[in-house]
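A.B. asks: Sequences and hints are given; from them, build the entire structure.
If you read the protein sequences in the order shown, they are chains A and B. Here the numbering used here is used: position 179 in the first sequence is 179, and no number is missing along the way. Here the numbering used here is used: position 311 in the second sequence is 311, and no number is missing along the way.
Bear in mind the hints are in silico, worked out from the structure with no lab data behind them. Accuracy of the hints is not assured; some may be wrong.
As the list claims (entries may be wrong) - Cβ pair distances, simulated, as ranges:
(1) A:Asn186 - B:Asp142: 55 to 61 angstroms
(2) B:Ala175 - A:Gly59: 37 to 43 angstroms
(3) B:Gly228 - A:Asp304: 39 to 45 angstroms
(4) B:Lys342 - A:Ser199: 40 to 46 angstroms
(5) B:Arg209 - A:Asn186: 52 to 58 angstroms
(6) A:Glu149 - B:Pro114: 28 to 34 angstroms
(7) A:Lys102 - B:Gln141: 28 to 34 angstroms
(8) B:Ala341 - A:Gly59: 54 to 60 angstroms
Unchecked claim - Residues of chain A clear of chain B, computed beta-carbon distances all greater than 12 angstroms:
(9) Ser29
(10) Thr32
(11) Pro40
(12) His218
(13) Val330
Every residue, glycine too, gets a C-beta built ideally from N, C-alpha and C.
Given next are the chains, with one letter for each unit.
2 protein chains.
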Amino acid sequence: MSSKSGADSSRRTRRGVTSVDVAAAAGVSQATVGRVFSSPGKVSPATRDKVQDAAAQLGYVPNVIARSLKSQRTNIIGAVVPAFGEYWQSVLTEFSRQLATKDRQLLLFSFAEPGDVDGVLASVAQYRLDGLVLASATIGQDQLIQMRESGRPVVAFNHPAATGIVPSVSVDNEAGMSRLAMHLINTGAREILYVGGVSSASTDQTRYRGASRTLGEHGVACTYLEAGAFTYEAGYKVAQNIVERQPSPDAVMVSSDEVAFGVHDGLRAAGVQVPADLLLTGFDGLSQSAWAGFDLTTLVQATDVLVARAIEVLLTDDRPPESDPVSVVVPGTIRYGKTTAKTP
Amino acid sequence: MSSKSGADSSRRTRRGVTSVDVAAAAGVSQATVGRVFSSPGKVSPATRDKVQDAAAQLGYVPNVIARSLKSQRTNIIGAVVPAFGEYWQSVLTEFSRQLATKDRQLLLFSFAEPGDVDGVLASVAQYRLDGLVLASATIGQDQLIQMRESGRPVVAFNHPAATGIVPSVSVDNEAGMSRLAMHLINTGAREILYVGGVSSASTDQTRYRGASRTLGEHGVACTYLEAGAFTYEAGYKVAQNIVERQPSPDAVMVSSDEVAFGVHDGLRAAGVQVPADLLLTGFDGLSQSAWAGFDLTTLVQATDVLVARAIEVLLTDDRPPESDPVSVVVPGTIRYGKTTAKTP
DNA sequence: ATGTTCGATGACTACGTAAGCATTGAATCC
DNA sequence: GGATTCAATGCTTACGTAGTCATCGAACAT
Chain A
1 MSSKSGADSS RRTRRGVTSV DVAAAAGVSQ ATVGRVFSSP GKVSPATRDK VQDAAAQLGY
61 VPNVIARSLK SQRTNIIGAV VPAFGEYWQS VLTEFSRQLA TKDRQLLLFS FAEPGDVDGV
121 LASVAQYRLD GLVLASATIG QDQLIQMRES GRPVVAFNHP AATGIVPSVS VDNEAGMSRL
181 AMHLINTGAR EILYVGGVSS ASTDQTRYRG ASRTLGEHGV ACTYLEAGAF TYEAGYKVAQ
241 NIVERQPSPD AVMVSSDEVA FGVHDGLRAA GVQVPADLLL TGFDGLSQSA WAGFDLTTLV
301 QATDVLVARA IEVLLTDDRP PESDPVSVVV PGTIRYGKTT AKTP
Chain B
1 MSSKSGADSS RRTRRGVTSV DVAAAAGVSQ ATVGRVFSSP GKVSPATRDK VQDAAAQLGY
61 VPNVIARSLK SQRTNIIGAV VPAFGEYWQS VLTEFSRQLA TKDRQLLLFS FAEPGDVDGV
121 LASVAQYRLD GLVLASATIG QDQLIQMRES GRPVVAFNHP AATGIVPSVS VDNEAGMSRL
181 AMHLINTGAR EILYVGGVSS ASTDQTRYRG ASRTLGEHGV ACTYLEAGAF TYEAGYKVAQ
241 NIVERQPSPD AVMVSSDEVA FGVHDGLRAA GVQVPADLLL TGFDGLSQSA WAGFDLTTLV
301 QATDVLVARA IEVLLTDDRP PESDPVSVVV PGTIRYGKTT AKTP
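C.D. replies: Structure below.
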C-alpha cells in the first residue's frame, strides 16, 4: 500500500500543490521553498536541490495570483484596443511579443464601440495591472485623466490628443503626413483631396493638419472628406465621391492604409487608374501596403520601435510626482510605391 | 484641520482602498462590505446605500487578485497564439470580443517560434486561468497532454491533430477543402497543384487530405508543394516554382488565404493570368479575400461561430471524468470569387 | 577558550477578499 | 408573555506567497 502513497499525494495535487506541500516533502519550512524560487542565492545548494526535487516530483508551480497579492505586482500589462482594424491588431501582436521577452503578459481589453470604453476602464481598474496601454485614438480626455488618477503607469499609444495628459508614444503623425504632402507636390499634384477615417480620432486630426499646413504653404488646394470608419469598405465606398468630385483632384491622401486600400480598389472599380489618373498615399505602413497588388506609397511606422518605447515608458515609471508626462515621438519612414510613381 | 481629514484618507488611497477602509467609513464590518459587492440581496437597503456611498466616496474598487486567491477563479482565459498571421489575429480579436461580453478577459501568450511553446506553457501554468485556448495547429501531442493534465479546462482551436486528446473546435477542414476540389473539377481542372503552408501544421495535413482524396476519387492528378510558411511572402516566392512546373497545372489550391494572396500576386508578376491561365483557391475566408484586388474563391470559416463554440466548451466544462474529450466541427461556406470563374 | 560575525533557516504575519459560523434584535406564534 | 424564527450583521479564518525578524550553528579572530 505504501506504493500508493505517490498516487495519494497526487490526489491532493488536483487542486493545486502549494509551497507548503513542497516544504513538507522536502523537510524544510515554507519560507525556504519560497526562497528557492525567488532568491535561490540565499539557499545552500544542498537544500536547494532537495527542494527542487520535491517541487518537480509534486509538480509544484508557484501561484502568481498569491504572489501578486503579496507583492502588489502582477507582471501583467493591460491593453485597451479597438476590436477591429489591421493596424491595431499588428500593434497588439507586437506588444505581446515584446512583453513576452520581459516576462510580462498582456491582458486584452478590446472594445467595439467608443461608448464601451467606460465599461472597459471600470473593468480595468479591478485588475491591479502593472501598467496600461491605451491604444486608441478616440479615448476621451476625461477618460485619460481618470486613468492617470488611477496611480498606475499608463501610456497612450499613437493618440496625439493624449499628449500632456498622460505619457504618450506616437509616430510623428504631423511631420509624416507633411512629408507625404511634399512628395505629392514634387510629383506635380496641385488639387489634392484628403480622405480621413473618423474625424474624431486624434490621429486623423493631426495627420490632416500636417497635410493641410504643408499644402497651404505651397499654395496647393486641399479638401477634407470623411470616410466614416477606418475600414476597407469605407474607403471603397468613398471612392465613388472622389470620382464625381469637381474640380477632379489629381491626388488623394488617405489617413490610413486600410482605408487607402479600399479607395484604391474603389477607384479602379470606377475606372480610375492609379497612378495614371490619380496619385494615392496611405499612412501606417501595414504589411499589405507592400503587396504587389497595391504597392502603396505610405508612411511606415516602425511599430517595433514605437512599442519598445511604449514599454520602456511603462516599466521605467520614474515620474517625478507632478512633472509633465513624457511624450515620445518617433519619426516615420516614407515608402515610395507605384501609387505615386511619376508617369511619363 | 479637521477639514484636512478628507485629504488625509485619500493619501492612503494612493496605494489601494480596501474593503476594510470602506467598512470603517461606512461604520460596518468588512464582511458586510464584501456582501454588498458579491450578494447585495443579503444586505438591508439602508446599509447597502451607506456602503455604496462610502465606496464611491473613497473610490473603492474590489481587488480581483485577492478575490481570485480566495475563490480559485480568475475570470481570465488564456490564449496561446502564434505571433504572426492574419488568421490568428482575427481569431484572437474575436475571442476577446466575445469573452468581454461574458465578463471574462483574455490573457495573451504569443509565441514566435514553435520551440517557444514550451516556455509559454510553463508560464501559462503559473496563472490559475479559468481556461486555456490553444490556437495553433503546430502544438505537439505531448504538449497537449501536458495541458490536459493541468486539470484546467482547455480547448484546441482549429488543430485537427488535437482531436481526441483535448476538447477541440475546428472548422471542417477536410470537407471544406474537398468541396473546393469538387468545385475545381466541375470548373474543368484536371491537373491540380496543392500548395501547403507548413506541412507539420495539422490543418495543413487535414486540408490536403480532403483535397487529394476527392481529387483521387475523380481521377484528377494532385501534387503537394510546401511554401514553408503561412505568409504572403512564402506564397509569392513559391509562385515561381508553379510557373516552371511541368506538366503545367490548370489550378492551384492553397492551404490558406494569406499564402494564396502571395501566390496570386506572384503569379501575376510572372505573367500568369488568374483565372484565365490558372484557377486559384484559398482557405480561411479572411476579410481580404473579398477585396476587389483578389476576389478569391475560398472556404469561409464562421469565426464567430467557431469562437462561440470554443468558449462554450471552455466554460461549460462538464467532462465526466474519463470520457472522451468533445470535438466540435463547424462546417464552412464556400465563397465563389473570380479566381475560379469559368472563362468562356 | 570565548566573543564576533555571518550564512542558513524557521516562525510569523500581511496582502484583500469571501465564506462559514456566531450573534443580535425584532417579528411571529401559541 | 415567553418561545421560536429569521433576517441582518459581525467575527474569524483560509486562500498561497514573500518579506521581516529571530534563531542557530559554524567559522573566524583575539
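A.B. asks: Just checking, A:Ser29 versus chain B, shortest CB gap more than 12 angstroms?
C.D. replies: Correct as stated: the minimum Cβ-Cβ distance to chain B is 21 angstroms, above 12 angstroms.
A.B. asks: CB of B:Ala175 to CB of A:Gly59, is that within 37 to 43 angstroms?
C.D. replies: The hint (37 to 43 angstroms, Cβ to Cβ) holds, given that B:Ala175 and A:Gly59 are roughly 40 angstroms apart.
A.B. asks: Given the hint of 39 to 45 angstroms, check if B:Gly228 and A:Asp304 actually sit that far apart at their C-beta atoms.
C.D. replies: violated (23 angstroms)
A.B. asks: Take the C-beta atom of B:Lys342 and the C-beta atom of A:Ser199, compute their distance, and say whether it sits inside 40 to 46 angstroms.
C.D. replies: holds (45 angstroms)
A.B. asks: Regarding the assertion that A:Thr32 does not contact chain B, is the least Cβ-Cβ distance greater than 12 angstroms?
C.D. replies: The assertion about A:Thr32 holds, with a minimum of 20 angstroms to chain B.
A.B. asks: Just want to verify: A:His218 was marked as not at the interface with chain B; is every Cβ pair farther apart than 12 angstroms?
C.D. replies: holds (33 angstroms)
A.B. asks: Can you tell me whether the CB distance of A:Glu149 to B:Pro114 sits inside 28 to 34 angstroms?
C.D. replies: violated (43 angstroms)
A.B. asks: Taking the CB of A:Lys102 and the CB of B:Gln141, does the distance hold inside 28 to 34 angstroms?
C.D. replies: Because 30 angstroms falls inside the window, the suggested range holds.
A.B. asks: 54 to 60 angstroms was suggested as the range; check whether the CB atoms of B:Ala341 and A:Gly59 agree with it.
C.D. replies: holds (57 angstroms)
A.B. asks: For A:Asn186 and B:Asp142, compare the CB-CB distance with the range 55 to 61 angstroms and indicate the outcome.
C.D. replies: holds (59 angstroms)
A.B. asks: Would A:Pro40 pass as off the interface with chain B, using Cβ distances and a cut of 12 angstroms?
C.D. replies: Correct as stated: the minimum Cβ-Cβ distance to chain B is 17 angstroms, above 12 angstroms.
A.B. asks: Confirm or reject: A:Val330 is not an interface residue toward chain B, with every Cβ-Cβ distance exceeding 12 angstroms.
C.D. replies: At about 21 angstroms from chain B, A:Val330 clears the 12 angstroms cut-off, so the statement holds.
Checked against the numbered hints above, the structure breaks hints 3 and 6 and satisfies the rest.
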